[in-house]
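Participant: Taken in sequence, the protein lines are chains A and B. Our numbering puts the first residue of the first sequence at 1, with every later residue one more than the last. Our numbering puts the first residue of the second sequence at 1, with every later residue one more than the last.
Honestly, I wouldn't trust all of these hints.
[Stated by the list, open to error] Interface residues of chain A toward chain B, partial, derived using beta-carbon atoms under 10 Å:
no., residue
1, 4
2, 15
3, 28
4, 38
5, 40
6, 49
7, 52
8, 56
9, 65
10, 67
11, 68
12, 74
13, 77
14, 96
15, 100
16, 109
By construction, these hints were calculated from the structure, which means they are not laboratory data. Heads up, the beta-carbon is just placed ideally off N, CA and C, and yes, glycines get one too.
There are 2 protein chains.
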Amino acid sequence: MDKITLDDKFSLFTEHWRPKVVAALNGQEVKVVKVQGVFPWHRHTDIEEMFLVWRGRFRVEYRDRVIDMGPGEMCVVPRGVEHRTAADEEAEILVFEPSDVVNTGDAPVSEYTAPNNAGI
Amino acid sequence: MDKITLDDKFSLFTEHWRPKVVAALNGQEVKVVKVQGVFPWHRHTDIEEMFLVWRGRFRVEYRDRVIDMGPGEMCVVPRGVEHRTAADEEAEILVFEPSDVVNTGDAPVSEYTAPNNAGI
Numbered sequence: 001m002d003k004i005t006l007d008d009k010f011s012l013f014t015e016h017w018r019p020k021v022v023a024a025l026n027g028q029e030v031k032v033v034k035v036q037g038v039f040p041w042h043r044h045t046d047i048e049e050m051f052l053v054w055r056g057r058f059r060v061e062y063r064d065r066v067i068d069m070g071p072g073e074m075c076v077v078p079r080g081v082e083h084r085t086a087a088d089e090e091a092e093i094l095v096f097e098p099s100d101v102v103n104t105g106d107a108p109v110s111e112y113t114a115p116n117n118a119g120i
Numbered sequence: 001m002d003k004i005t006l007d008d009k010f011s012l013f014t015e016h017w018r019p020k021v022v023a024a025l026n027g028q029e030v031k032v033v034k035v036q037g038v039f040p041w042h043r044h045t046d047i048e049e050m051f052l053v054w055r056g057r058f059r060v061e062y063r064d065r066v067i068d069m070g071p072g073e074m075c076v077v078p079r080g081v082e083h084r085t086a087a088d089e090e091a092e093i094l095v096f097e098p099s100d101v102v103n104t105g106d107a108p109v110s111e112y113t114a115p116n117n118a119g120i
């Protein structure tokens, strides 16, 4: 029931592409993640995921289009649609998606594949 | 798949306590709402709801404590717990909760009870 201060949460880690759960509700999780570089192409067959940019610039790239976002901009990635995420410089992102989503989806496990349900 | 710009969404309406759906995913909705004043006491028996403050100051009040938040602060209201929300001056809030939640929960229908699934 306590409040969660996003800037405090982002100050607690420096690694990229490692989402941290800050809240859970209704089978969903809210995560904070720092990103820089380009994430592998993948898709999530059964779920949608939402990204809200907190700081910096961030792209959701599809095979045929790119969604370029800044702070206060968000998008939903439809289920089953191949995508990758990218940021030229470090950005801070809020993710909203069901619990137990593997961040690399159907892509092979790699250095980008993050532990699930990691809190902070 | 298009991006959603929160400031644009907030610029499209002026009324208070009338959440507008800006995204839907996994049976959940993301809503924007402007608030000012004090909302009726109520509870949601079966669901949690999350509030993220976008602009201004906002309180989630329980019978025994008050969570006072500013921009970039959020909280989850546990299911079944009586609460009310309040803001001394107008504030802009992001809400995450399942689709079809009645905003006044188990409280009597009143002027505060908002239409469901209203988009913008």
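Participant: Tell me the numbers of any earlier hints that the structure contravenes, in ascending order.
Facilitator: Going through the list in order, the structure violates hints 2, 4, 5, 8, 15, 16 and respects the others.
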